[in-house]
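Those protein sequences? They're chains A and B, same order as listed.
For the first sequence, position 110 (counting from the first letter as 1) is numbered 110 according to the numbering used here, and the numbering increases by one without interruption.
For the second sequence, position 358 (counting from the first letter as 1) is numbered 358 according to the numbering used here, and the numbering increases by one without interruption.
The hints are simulated quantities; they were obtained by calculation from the structure and are not laboratory data.
If you're wondering where the values come from, they're calculated on a predicted model, not measured in any experiment.
Treat the hints with caution; some may be incorrect.
A pair counts as met if it fits within one copy or between any two copies, since identical chains are not told apart.
Said to hold, decoys possible - When the alpha-carbon atoms are kept at most 16 Å apart in a straight line, the in silico EDC-like pairs for lysine to aspartate or glutamate are as follows:
{"#": "1", "residue 1": "LYS150", "residue 2": "ASP96"}
{"#": "2", "residue 1": "LYS150", "residue 2": "GLU81"}
{"#": "3", "residue 1": "LYS71", "residue 2": "GLU190"}
{"#": "4", "residue 1": "LYS5", "residue 2": "ASP86"}
{"#": "5", "residue 1": "LYS372", "residue 2": "ASP154"}
{"#": "6", "residue 1": "LYS5", "residue 2": "GLU156"}
{"#": "7", "residue 1": "LYS372", "residue 2": "ASP32"}
{"#": "8", "residue 1": "LYS150", "residue 2": "ASP95"}
Each chain, letter by letter, is given below.
2 protein chains.
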Amino acid sequence: MADVKRRPSVVIIGGGFGGLYAARVLKRAPVDVTVVDRTNHHLFQPLLYQVATATLAPTEITAPIRWLLRKQRNTRVLLAEVTAIDVERRAIVCDDGMSISHDYLLVASGSRHSYFGHTEWERIAPGLKSIDDAIVMRQRLLLAFERAEKATSDAERKRLLTFVVIGGGPTGVELAGMLPLIARRTLPGEFRNIDTNEARVILLEGGPRVLPSFSENLSRHAKRELEELGVDVRLNSTVTNVERGAVSMGPERIESESIFWAAGNESSPLGRLLGAPLDRAGRVKVEADLSVPGHQDIFVAGDLAEMFTAGKRVPGVAPAAMQSGAHAARNILRVIDGRGTTPFRYRNKGDLATIGRHRAIAQLPALEVWGKPAWWLWLFVHIMYLAGFRNRLSVLIEWAYSYFTDQRGARLVSARGS
Amino acid sequence: MADVKRRPSVVIIGGGFGGLYAARVLKRAPVDVTVVDRTNHHLFQPLLYQVATATLAPTEITAPIRWLLRKQRNTRVLLAEVTAIDVERRAIVCDDGMSISHDYLLVASGSRHSYFGHTEWERIAPGLKSIDDAIVMRQRLLLAFERAEKATSDAERKRLLTFVVIGGGPTGVELAGMLPLIARRTLPGEFRNIDTNEARVILLEGGPRVLPSFSENLSRHAKRELEELGVDVRLNSTVTNVERGAVSMGPERIESESIFWAAGNESSPLGRLLGAPLDRAGRVKVEADLSVPGHQDIFVAGDLAEMFTAGKRVPGVAPAAMQSGAHAARNILRVIDGRGTTPFRYRNKGDLATIGRHRAIAQLPALEVWGKPAWWLWLFVHIMYLAGFRNRLSVLIEWAYSYFTDQRGARLVSARGS
């Protein structure tokens with residue numbers, strides 16, 4: 001009996017880019033893999049803003065995790081929310097009471113948007129991380145125009161047609177760039193009491209430039225392209241209060257009923273359950289090989305890990321999550337085989353941010369691109385990376401439809417807000 | 001001043017088939033039209049069961065009402081829920097306090113599913129009328145398999161994999177026919193702890209046959225086709241209790257965690273606000289010209305109206321709503337012109353019900369069709385009627401995808417259930 005060797009078990013928390021790419025690395029390995037996620041789907045997060053702005057349907061950027069991993073016979077997928085991690089007993093506990101033991105654990109539960117302590121702002125200014133968030137944002141956005149059509153005073157109408165996006169990172173820029181297109185190209189002609197062209201879009205960035213992770217040159221291009229689209233870009237504008245109907249920056253106050261939050265992230269609360277050191281944003285300070293200090297059986301990848309490459313912090317972007325997830329899985333296999341682990345090194349193939357139709361910026365290893373070429377590059381890269389052939393085709397069709405007609409395919413407001 | 005003639009105003013409550021077809025009739029008429037709906041979208045209700053069963057996305061069977069009517073310059077669309085109708089003052093009042101006065105009113109607010117007084121059953125056995133309902137049903141259906149995968153006892157697993165559909169009308173038959181396809185063709189291979197082929201689907205019908213609005217011959221065909229798909233069809237089975245985890249028919253009890261309601265409809269509560277006589281299901285007993293008795297300025301169409309043609313009650317189906325909505329609008333124009341109204345006559349071009357892949361029944365004026373030909377006919381008719389070119393294309397692609405791969409394109413479970 002003692003000779004029967006049980007295959008090591010690997011539990012992966014999170015079916016995002018980190019968890020999915022880790023699971024794929026383990027496909028043919030002699031291990032039993034369990035992927036746990038609190039939703040049934042992998043989310044293609046870089047296109048989430050397109051759901052929030054009614055261009056794509058929620059089902060077009062999601063795919064069931066178990067469908068994506070259906071051919072990996074050594075992998076099971078469970079829908080559950082992890083509530084406790086018992087580092088010593090090597091088990092996780094889920095909200096439904098289920099306990100799953102493991103030999104190796106990879107935590108890749110990502111991040112949420114953060115309100116810097118002002119959790120009461122979330123109700124007023126929704127953020128954008130999950131598919132539910134995107135549907136809430138879409139509902140708010142479409143309802144603003146519906147309510148403006150019924151408004152009884154100019155002040156109310158103006159407040160409803162003022163859209164404020166807080167945060168000048170990629171999500172904020174993408175949202176702010178899409179809004180003028182909707183107001184000026186999609187909706188005109190459908191309303192009788194308002195002129196949707198009068199909608200104002202204001203982007204508030206606390207720092208001195210938008211998209212600060214790009215070069216100053218590209219930031220400047222991005223700002224100019226936003227302004228060409230009609231976005232009022234305000235730099236060095238730190239938000240001091242968010243209330244129903246208004247945003248304040250010190251003494252200045254902007255009246256708006258449509259405030260969207262894209263200003264900050266904090267890591268998933270699961271980092272705290274590991275008992276490991278965390279940085280200020282809640283990221284786990286992992287070893288170079290992505291393991292948790294003192295635990296060669298626990299790894300962290302993606303947005304939840306504070307990772308460095310050549311002394312620079314690895315950004316919280318999709319390629320970093322994919323690479324670190326896959327690397328952590330490879331290191332787990334090395335530990336199993338009794339080989340030494342290897343340090344994670346983020347290979348930055350380039351950063352992309354889209355601003356609006358025909359407008360984007362791209363920072364490649366030896367090249368900076370902006371405008372139309374960058375936009376086509378962005379399009380190509382995102383279609384290539386979309387998980388699963390079916391979604392890719394469907395997204396292509398929606399994009400072609402939007403591109404040629406300026407219509408949006410997903411303008412759904414329901415009574416319950418779903 | 002007295003010579004300036006104000007154009008008569010027509011208010012239409014409801015943007016379903018009745019309201020939409022009425023608005024279209026008024027397109028070039030010298031009237032001002034207002035369409036009020038509590039959602040922003042027209043819903044193609046005949047395909048709602050395909051959203052509930054994860055085949056189509058919610059956005060594929062909905063289109064913004066204002067987009068559909070954007071070219072009618074005399075028509076405005078308002079998103080609001082009507083809470084009161086002042087018949088004497090000729091005004092409706094909405095939930096946001098807005099009051100809209102009118103010269104003519106058409107109420108086409110449709111119907112809801114009815115639990116025959118047992119409103120507490122709704123929480124356990126959701127029905128299917130709105131897009132929100134369909135999303136709730138999809139969530140329940142997909143979660144049943146997810147929970148079964150985690151079940152710790154055979155009894156729990158069996159309860160989760162037993163799907164009960166209550167009601168053998170078109171919606172119940174469509175749902176019951178789709179469930180075996182999902183369990184036996186879409187999901188196998190994706191689960192590790194359960195065999196989805198073991199899922200049981202039970203259809204409970206209180207009367208002696210399914211689809212009682214069709215001929216006995218077609219009912220028999222429908223029952224046989226359901227049974228060939230693996231559905232356990234139980235006739236003369238009146239449900240006496242629905243509780244969490246079980247359905248009872250007198251002394252018999254079926255344990256199930258997935259109970260879906262398709263047993264009955266009751267009319268929108270707006271009928272009561274008119275102060276007109278109602279039938280037992282809450283339908284307004286309209287005159288032959290669809291006006292409310294004693295009010296030549298108020299009309300009712302669609303599911304909310306009790307209508308007769310050649311002594312037979314007009315069924316609550318989409319073509320009847322379209323025809324009666326258009327007819328009511330034409331009568332409003334006749335009243336405005338000082339001409340006499342004409343009685344509504346339902347022209348039944350045939351009834352269709354689909355049962356599952358390659359299975360349907362069709363009752364045409366001089367012909368009964370079943371099996372494959374009826375299914376292709378069903379497909380053709382539904383594609384023809386789908387509102388808006390874009391949705392039609394998108395639905396076609398989804399259907400082709402499902403047809404050839406047995407996959408479903410919309411298997412989304414979110415944390416919030418949207």
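Structure-based check of all given hints:
Proximity of LYS150 to ASP96 under the C-alpha cut-off of 16 Å is restricted to the inter-copy arrangement: shortest distance 10 Å between copies versus 45 Å within a copy. Taking the shortest alpha-carbon separations for LYS150 and GLU81, only the inter-copy value of 13 Å comes in at or below 16 Å, while the best intra-copy value is 42 Å. Taking identical chains as interchangeable, the C-alpha atoms of LYS71 and GLU190 lie at most 16 Å apart only when they sit on different chains, with a minimum of 8 Å there against 47 Å within one chain. Taking identical chains as interchangeable, the C-alpha atoms of LYS5 and ASP86 are never at most 16 Å apart, the minima being 24 Å within one chain and 79 Å between chains.
Taking the shortest alpha-carbon separations for LYS372 and ASP154, neither the intra-copy value of 38 Å nor the inter-copy value of 59 Å comes in at or below 16 Å. Within a single copy, LYS5 and GLU156 get their C-alpha atoms no closer than 71 Å, and across copies no closer than 32 Å, so neither meets the 16 Å cut-off. Taking the shortest Cα distances, LYS372 and ASP32 never come within 16 Å of each other, neither inside one copy (47 Å) nor across copies (44 Å). In this assembly of identical chains, LYS150 and ASP95 lie within 16 Å of each other by CA distance solely across copies; the values are 12 Å between and 44 Å within a copy.
The structure does not agree with the numbered hints 4, 5, 6, 7 stated previously, though it agrees with the rest.
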